[in-house]
Structure formats: structure tokens, C-alpha cells
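Please model the complete structure; the sequences and the hints are all you need to start from.
Residue numbering for the sequence shown follows our numbering, starting at 54 and increasing by one per position.
Some hints could be false.
[To be verified] Pairs of lysine-lysine, DSBU-like flavour, derived with a Cα cap of 30 Å:
hint, residue 1, residue 2
1, Lys232, Lys204
2, Lys273, Lys232
3, Lys232, Lys205
[Claimed, not checked] Computed spacing ranges between beta-carbons, pair by pair:
hint, residue 1, residue 2, range
4, Leu112, Ala318, 44 to 52 Å
5, Arg285, Arg231, 31 to 39 Å
6, Asp123, Gly161, 20 to 28 Å
7, Ala318, Ser282, 26 to 34 Å
8, Gln254, Asp278, 26 to 34 Å
9, Gly161, Ser115, 17 to 25 Å
Simulated from the structure, these hints should not be mistaken for laboratory data.
For clarity, every value in this text was computed on a predicted model and none was experimentally measured.
Note that the Cβ used here is the ideal one computed from N, Cα and C, for glycine as well.
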Amino acid sequence: MSDKSNDDVTTHVTRRSVLRRSTGVAAIGAASLLASPISASPAGAAPLDGASASGGDALPGSVAGIRIPDSALARETVRFARGVSSVTLFNHVMRTYLYSALLFDRRGVRYDCELAFVAAVLHDLGLLEAYQVPAERFEVGGADAAERFLKKQHMSDERVAVVWDAIALHTNMGIASRKRPEIAMVSVGSAADFAGQDLQQIPSDALEEILDAFPREGFKQDALDNILSICRTNPMSVAMHPFAEVGRRHIPEFPVPTVEDMLLAAPFEE
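Now the structure itself:
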């Protein structure tokens, strides 16, 4: 038992080290996955920071036929996300879960609802200035923030590691789609809301119900503003990241080198 636990920790640390240094370009594509569910684990509550952005309104029990998890951990996660996010961003993370659940249910994929929900609700913490880390991709800063929060809720290390991967990989569907469903779902759901990926597979009445429950509230402009803010305040975090394209288009003399620049600047004589 002890050896296995050490191996699991080593594997997680190694994977995290690689992802923190990864500068792969995000890919948007379809995912079709099959996996078995894992058991849920209880979680306790912990004090939350920040004032609620959208008040204490309770979430609906279900939207478009998708049940919204209501465990103690799910409720604390929602309270935390609402407390630190704008209404626009909170609605986005909720739509992310609902879109992904609809798409994966239609494919017959089995997944852990609580785990997928928590990962989706926390997946964009890295867009918030409080959770950004100099020269680190926003996905990694957000994954680290989610990890800290979930450890305070006494979530098991194994489940925290799944959430960490789901958040860190969510802009790279080419990788996320090869992982377990709860990881892939955050990538699939966020791509559906951000770029309309696979929305044609969602019935129009379900789509309308989701948008009624969690309106977009100017999401496109809000997302663009968040991207440009990161490009201005933490430019090296977007090196070889899709956000750099936005920075180069909108920010004069944007300092981040292109992939070609980095290749040609490598210190080798040829």
C-alpha cells in the first residue's frame, strides 16, 4: 500500500512538472470516450474568501435534464466560484458542465458527476488576477488554486489530481480527449461554450434551457478582455499559447516571441 501511494504521488508530480512547463498549442476537436465511473468521497466545508458575485441564489436541481450535483463539496465549490467570479464567468463554467454532460450522456459515456462538476466550476480560476502566477499559463495557475481549495475541503489526493489535470489541460483538447471522461469533459464543455464546438449535437430546446438558466451576459467580450488582460500583465505566460495570437493582434509591440522566433533563436550553429 505504501509503495503504491508513493508511486501515485511520483506520477502526479512528474505529470504536473511536465504540464507546468508545457507550451503546446491548444487544439479544438471532437472527443468520443468510454470509461467506468469511480466512487465519490465525502468532503467537509471550509471558510471562503471574497464576496458573492451573484448572491446566494440556489442553483436549479437540474437543467435540460442534467442533474446538478448537490453534495456538500459541490455546494462549497459553487459558493467559492461565485464569490470570486463575475456573473459572466460563473455562468460560463456552469454551461461548461451542462454542455459536456449532455454531450457525454448522448455518447453513453459513464463518468463521476461530482468530480466532473467540481472540475468544470473551478476550471477558469486562472483568469482571475488573484490566481495568476508570473510566467505560468493561466490553466496551471487555476489548477493550483483549485488544488488548494479542494485540499481544504478534504478531497482525496487522487480526486484532486483528476481536477488538476482537467483544469491544466482544458485548452488542449488533443491531449484532454485522450484522458478519463472527467478530464475530457471540461475541455469539451468549455470549447462548446467558447467556440460553439459540437453544439449541433445538443437539441435546440436543451440549448435554450441552458442559456435561460445561465445567460451568456456578454461572454464573448468578457473573454476577450480577460485574454488581453493576461497578455498585458503576464505576457510570458502566453508564449506558444493561443492567447498570444490575440496579444499580437491588439497590443502594439507585443513582446512575446513566436514559435518561429524561438526556433531560430536557439543557440546552435547550423
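Hint check:
1. Lys232 x Lys204: 22 Å, holds
2. Lys273 x Lys232: 28 Å, holds
3. Lys232 x Lys205: 26 Å, holds
4. Leu112 x Ala318: 44 to 52 Å: 50 Å, holds
5. Arg285 x Arg231: 31 to 39 Å: 33 Å, holds
6. Asp123 x Gly161: 20 to 28 Å: With Cβ atoms ~24 Å apart, the hint holds.
7. Ala318 x Ser282: 26 to 34 Å: Since the Cβ atoms of Ala318 and Ser282 sit about 27 Å apart, the hinted range of 26 to 34 Å holds.
8. Gln254 x Asp278: 26 to 34 Å: Check passed, 29 Å falls within 26 to 34 Å.
9. Gly161 x Ser115: 17 to 25 Å: Holds - the Cβ-Cβ distance for Gly161 and Ser115, about 19 Å, lies within 17 to 25 Å.
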